[in-house]
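Q: Let the sequences and hints guide you as you build the complete structure.
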Amino acid sequence: MAEDLRQINSIEIKNCATGLPLKNKDFLLINSSRQPVQSSVLEGKLVGILIGPHWLVIPLQHALSVLSESYQELLREGKDVIFVYVAADRDHEVIETLKRYGQENQIDERSDAKCFDKVLGILPKNWLAVPFEQSDVRAELINSYRSGIFSLAFVGFDGKLHTKDGLKLLEKWGVDSYPFTEERIQQLHRQALERTANQCLKSLLTTETRDFLTTPEGKEVKVAELEGKIVGLYFAAHWYHECQTFTSVLADIYKQLKEQGAEFEIIFISSDEDRVSFENYHRTMPWFAVPYSDLKTKKMLNKTFEVEALPCLIMLDKHGKTMQTESVELIYKYGIRAFPFTPERLTELEFEERAKHASQTLETLLATNERNYVIAPGRTQVSISFLVGKTVGLYFSAQWCFPCQKFTPRLISVYNKLKDTLKGDEGFEIIFISSDRDEASFFTYYETMPWLALPYGDEKSRELSRYFDIRGIPSLVIVGPDGKTVTNEGRKLINLHWERAYPFVEAHLAEIQKEIDEAAKCFTKTILHAGHGHILDLVSGNSGGGPYICCECDEQGSGWAYQCLQCGYEVHPACVQDSKNQDQKPPNDECSN
Numbered sequence: 001m002a003e004d005l006r007q008i009n010s011i012e013i014k015n016c017a018t019g020l021p022l023k024n025k026d027f028l029l030i031n032s033s034r035q036p037v038q039s040s041v042l043e044g045k046l047v048g049i050l051i052g053p054h055w056l057v058i059p060l061q062h063a064l065s066v067l068s069e070s071y072q073e074l075l076r077e078g079k080d081v082i083f084v085y086v087a088a089d090r091d092h093e094v095i096e097t098l099k100r101y102g103q104e105n106q107i108d109e110r111s112d113a114k115c116f117d118k119v120l121g122i123l124p125k126n127w128l129a130v131p132f133e134q135s136d137v138r139a140e141l142i143n144s145y146r147s148g149i150f151s152l153a154f155v156g157f158d159g160k161l162h163t164k165d166g167l168k169l170l171e172k173w174g175v176d177s178y179p180f181t182e183e184r185i186q187q188l189h190r191q192a193l194e195r196t197a198n199q200c201l202k203s204l205l206t207t208e209t210r211d212f213l214t215t216p217e218g219k220e221v222k223v224a225e226l227e228g229k230i231v232g233l234y235f236a237a238h239w240y241h242e243c244q245t246f247t248s249v250l251a252d253i254y255k256q257l258k259e260q261g262a263e264f265e266i267i268f269i270s271s272d273e274d275r276v277s278f279e280n281y282h283r284t285m286p287w288f289a290v291p292y293s294d295l296k297t298k299k300m301l302n303k304t305f306e307v308e309a310l311p312c313l314i315m316l317d318k319h320g321k322t323m324q325t326e327s328v329e330l331i332y333k334y335g336i337r338a339f340p341f342t343p344e345r346l347t348e349l350e351f352e353e354r355a356k357h358a359s360q361t362l363e364t365l366l367a368t369n370e371r372n373y374v375i376a377p378g379r380t381q382v383s384i385s386f387l388v389g390k391t392v393g394l395y396f397s398a399q400w401c402f403p404c405q406k407f408t409p410r411l412i413s414v415y416n417k418l419k420d421t422l423k424g425d426e427g428f429e430i431i432f433i434s435s436d437r438d439e440a441s442f443f444t445y446y447e448t449m450p451w452l453a454l455p456y457g458d459e460k461s462r463e464l465s466r467y468f469d470i471r472g473i474p475s476l477v478i479v480g481p482d483g484k485t486v487t488n489e490g491r492k493l494i495n496l497h498w499e500r501a502y503p504f505v506e507a508h509l510a511e512i513q514k515e516i517d518e519a520a521k522c523f524t525k526t527i528l529h530a531g532h533g534h535i536l537d538l539v540s541g542n543s544g545g546g547p548y549i550c551c552e553c554d555e556q557g558s559g560w561a562y563q564c565l566q567c568g569y570e571v572h573p574a575c576v577q578d579s580k581n582q583d584q585k586p587p588n589d590e591c592s593n
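Following full-length UniProt numbering, the numbering of the sequence shown begins with 1 at its first residue and continues without gaps.
Hints are computed from structural coordinates only; laboratory data are not their basis.
Predicted, not measured: the structure shown is a model, and the values here were computed from it.
Wrong hints could be hidden among the right ones.
[Said to hold, decoys possible] In the DSS-like style, the derived pairs of lysine-lysine whose C-alpha atoms are separated by at most 25 angstroms in a straight line are:
(1) K255 x K318
(2) K255 x K229
(3) K219 x K202
A: Now the structure itself:
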């Protein structure tokens, strides 16, 4: 949900003016019971002004939930702040953008009165709100203090604006950012730099009242016992499937390293929402954890390492200094070979990878000491030598993946057409490399495919994913007749050009682009598309086009597009239909389905 709020807040808004002194305002406020409160109650107070659409109740609930925790913490520490909610009117451009990106479930279609009443009911205790009926007051406050779809401004005791970025400050620094002035934030930055300079395991992991970590069984282990070891700080939560996937991978590597006697430990820093979830998830891990009850240390570690996404793995050297901040990617790419995660080791691995790619053949990619074949439909074996001299697509996919289910039929169509049209020495094959979760799913999915496959669970599947740095599926890697990699962008090229993309080499793709550029000379420069209410302008890769997702067919596009300059709506030229003549389409190959 935090990510949803960030995405919504990234939508551009207009007319954000500079701040105005809040103490000069004379208007009524209301509490959650709709009882009137004079605005004079704000004079001489630090005031937090939360501005957000009352009609985006779900993300607003999340924002209020986060702010409620901060509010309670401020009260516990005796820091006096009054929060005021200001409802923002419906913005039809924002609504259209949310719908275009499939987030219409965020929008409350009920009347403004009902939406506002709903918000009043979920405001934290003692919060105030500007009555919805006072539209002139709301408009002035919004023009003065808004910085995003959801924003939090803090106005000081003297009525001067401290910041419009209160949400970001609370997310990064928590209540330590009080009173939210520029001077305080600069002080926090200096303190963070000092902590980094003096960083060690003790400063990161212990407090005045706690010098231990916990095992999965709940036993205590002194932090001092980890001194002199390489330590990974693992930020994760059970509720996120990517954390569960990576935890399994990391646990295998951890166990292998421990069996080899490596001086290595991992510490789990949980983002779970309750103790039971934390304990259940920790029991699936073979390493230590910061106690669930130590919220302050967990927050400090998240701030120190600027953790913005899960899973996150930070590697510390034997002195507790930071070595690597993107260790999840290193584990996925190199596995156990990444240990001990030093810059020198990574340089060695990068050199080895370049050497491997330079000497790459189909045999080195696909064969093992025990297996020199792939399987065909019907579960027969096909020698890897049969593929030598052909263009081969390595198709990383899985039945459970919805984008894979959408792309596979397209790839089958392209494969069948190429098999029918290629002649002489030309040849094209595809090899399915499965990420399915069980063998039954693998065979059910593979039965829909006409090409070859690696056996289910083969060690090469994970190795190839690392070797080609596969970050998501479906992915299609193209290997040329010489066994060298042609491109990792096979999926994109198939989506753009279908079978015309073959043989996927740069010279051929350049010729296709020339043909498209020539055809574009005949395209209408502006057009009114039946699926969009604004005028669309023809743009190229050099004039605002570039990579995009077609809003009509949801497939990739590149270069030429019809684009709405007002709201970023983009469609393939072939997907455009002039609302005045829906039978006419500009000639283009980018969307031929």
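Q: Each hint: holds or not?
A: We went through each hint and held it up to the structure:
1. Proposed proximity of K255 and K318 is supported: the alpha carbons are some 19 angstroms apart, at most 25 angstroms.
2. The straight-line distance between the Cα atoms of K255 and K229 is roughly 16 angstroms, inside the 25 angstroms bound, and the hint therefore holds.
3. In summary, the hint linking K219 to K202 is supported, as the alpha carbons are separated by about 19 angstroms, within the 25 angstroms threshold.
Hint compliance for this structure: every hint is met.
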